[in-house]
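Next come the chains, spelled out residue by residue.
2 protein chains.
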Amino acid sequence: MSEPLSKEAFVARLREEGGRRYHDAHPFHRAMHAGGLSRVHLQAWVANRYYYQTRIPIKDALILAKSENPAFRRAWIHRLTDHDGKTDEDGGLALWRRLGRAVGLRDADLASHRYLLRGVRFACDAYVSLIERASLAEAVASSLTELFAPDLLTQRIQAWQRHYPFVDGAALAYFKSRVPRAASDAAEALELVVGEARSAEMQERCVAALVRKTEILWHLLDCIVAAHPL
Amino acid sequence: MSEPLSKEAFVARLREEGGRRYHDAHPFHRAMHAGGLSRVHLQAWVANRYYYQTRIPIKDALILAKSENPAFRRAWIHRLTDHDGKTDEDGGLALWRRLGRAVGLRDADLASHRYLLRGVRFACDAYVSLIERASLAEAVASSLTELFAPDLLTQRIQAWQRHYPFVDGAALAYFKSRVPRAASDAAEALELVVGEARSAEMQERCVAALVRKTEILWHLLDCIVAAHPL
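Chains as they are written, first to last, in this note's numbering: chain W, 6 to 235; chain D, 6 to 235.
The hints are simulated quantities; they were obtained by calculation from the structure and are not laboratory data.
Just so we're clear, the structure is a prediction, and the values are computed from it rather than from any experiment.
Built from N, CA and C at the ideal position, the CB exists for glycine as well.
Hints are supplied without guarantee of correctness; some may be wrong.
Derived lysine-lysine pairs resembling DSSO-like cross-links, with alpha carbons at most 30 angstroms apart [stated by the list, open to error]:
id	chain 1	residue 1	chain 2	residue 2
1	W	91	D	91
2	D	181	D	91
3	D	91	W	181
4	W	91	D	181
5	W	181	W	91
Over 12 angstroms on every C-beta distance to chain D, these chain W residues come out as not near it, computed from the model [what the hints assert, rightly or not]:
id	residue
6	43
7	167
8	171
9	205
10	206
11	226
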């Protein structure tokens, strides 16, 4: 049985394995940032990504249920309220519907998932299934794509303001709200993963969970490109 | 296929099937209320029931994960924070540890579950398993033992103050806090169950989930009596 990696080496490996597979490098995102997408592309992305967004409170509730530690649950529970909000008008899901309206989608289009591509559904449901089956450490490790989110979000905000002026800038509130939150959420998650994954085997399982998560995000964009070629 | 019960008939059936199996009638509770328990009995009950209490946030997180409705999740999430608190010093689990100290148990005795009887563990774990497998309506129906909790809690508070004066009255704070909450939680849960269970089959499954929950609570006391005869 091999020795576990040091904390620093384990963190470096998570960053490396996750970072090189992160969907910022996907052709769809490259086209988005270069101003190469049509309104229909943006609509397809917002509508399909909304299904992903609706899975987040569900997977975070499953993560809460895996923990025996009230202090961990207290630290994690804001992720649910961040998305669900205090009313139907605030929170991440409401901000996403606002983004939908800004690209020309009705709330009902998002709520009914009428534009949801079957492969996107499978990938998002695979994320929930991954969390259901995973240990707490692996489940939290899968959320570490947040490590790479602030840069992507910042790039996205700038690109949308420059290249897609028909989208009301105020509708980018979700992205803006996520920049600082993704950074603090990722730091919190990284600490938990490093603390929980103390064997070489569990460290490998955490890396594998993060890799699977990057595949889910990547496949979501593959499906959109297949339906709406660049 | 039979017709579903009317709302009133379904509620009456839940009350009847749950009420006549509720553990207020268990010999251990009867002895508790009549002043017939020793300090060791109270310690065994508090220590074993603590494991049950630690399962509550876990089963409530699983219930959150079953819902596709942010409004439901917003209404349900306080059940987790009620038990976990804002710090390690408040919340239902902290109040239960305070009760433990008042009957002569150390926090470490509760945290390590050193007095946990194997059958109590099985019953409490069966509750979590029931929730994992259940539909949202059945999972919420299993919580409807709360319908009968306010009377039992009120009786318990009076009995402890009268018969067990060596227990500091301030340590009964958990029971006191639960009287109004159990009533409002039960009303909220009942509304959800009635709204979700619209077929005769689902109504029966909800009744069965509530019956199973009463069996879990009853068995917990059976195990304590077997280990500490009345």
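Next on the checklist: The output says residue 226 of chain W does not contact chain D. Does that hold with a beta carbon cutoff of 12 angstroms?
Outcome noted: Check passes; 24 angstroms lies beyond 12 angstroms.
Checklist entry - Was residue 43 of chain W rightly flagged as not at the interface, with every chain D Cβ beyond 12 angstroms? => result holds, 31 angstroms
Checklist entry - Is the hinted pair residue 181 of chain D and residue 91 of chain D satisfied, with a Cα-Cα distance of at most 30 angstroms? => result Given that 30 angstroms is the threshold and the Cα spacing comes to 19 angstroms, the pair holds.
Next on the checklist: What's the verdict on residue 91 of chain W and residue 91 of chain D, does the C-alpha distance respect the 30 angstroms limit or exceed it?
Outcome noted: Within the cut-off at roughly 18 angstroms; holds.
Checklist entry - In terms of Cβ atoms, is chain D entirely out of 12 angstroms range of residue 171 of chain W? => result holds, 29 angstroms
Next on the checklist: The output says residue 167 of chain W does not contact chain D. Does that hold with a beta carbon cutoff of 12 angstroms?
Outcome noted: holds, 33 angstroms
Checklist entry - Taking only the CA atoms, is the gap from residue 91 of chain D to residue 181 of chain W under or equal to 30 angstroms? => result Given pair residue 91 of chain D, residue 181 of chain W holds - Cα atoms ~28 angstroms apart, limit 30 angstroms.
Checklist entry - For residue 206 of chain W, is the shortest beta carbon distance to chain D beyond 12 angstroms? => result Given a closest Cβ separation of 25 angstroms, the condition holds.
Next on the checklist: So if I understand the rule, the pair passes when the alpha-carbon distance is 30 angstroms or less; does residue 181 of chain W with residue 91 of chain W pass?
Outcome noted: With Cα atoms ~19 angstroms apart, residue 181 of chain W and residue 91 of chain W stay inside 30 angstroms; holds.
Checklist entry - Is residue 205 of chain W truly not at the interface, in the sense that its beta carbon sits beyond 12 angstroms from all beta carbons of chain D? => result Label holds. Min Cβ-Cβ 28 angstroms, cutoff 12 angstroms.
Checklist entry - Regarding the pair residue 91 of chain W and residue 181 of chain D, is the alpha-carbon distance no greater than 30 angstroms? => result holds, 28 angstroms
The structure meets every hint from the earlier list without exception.
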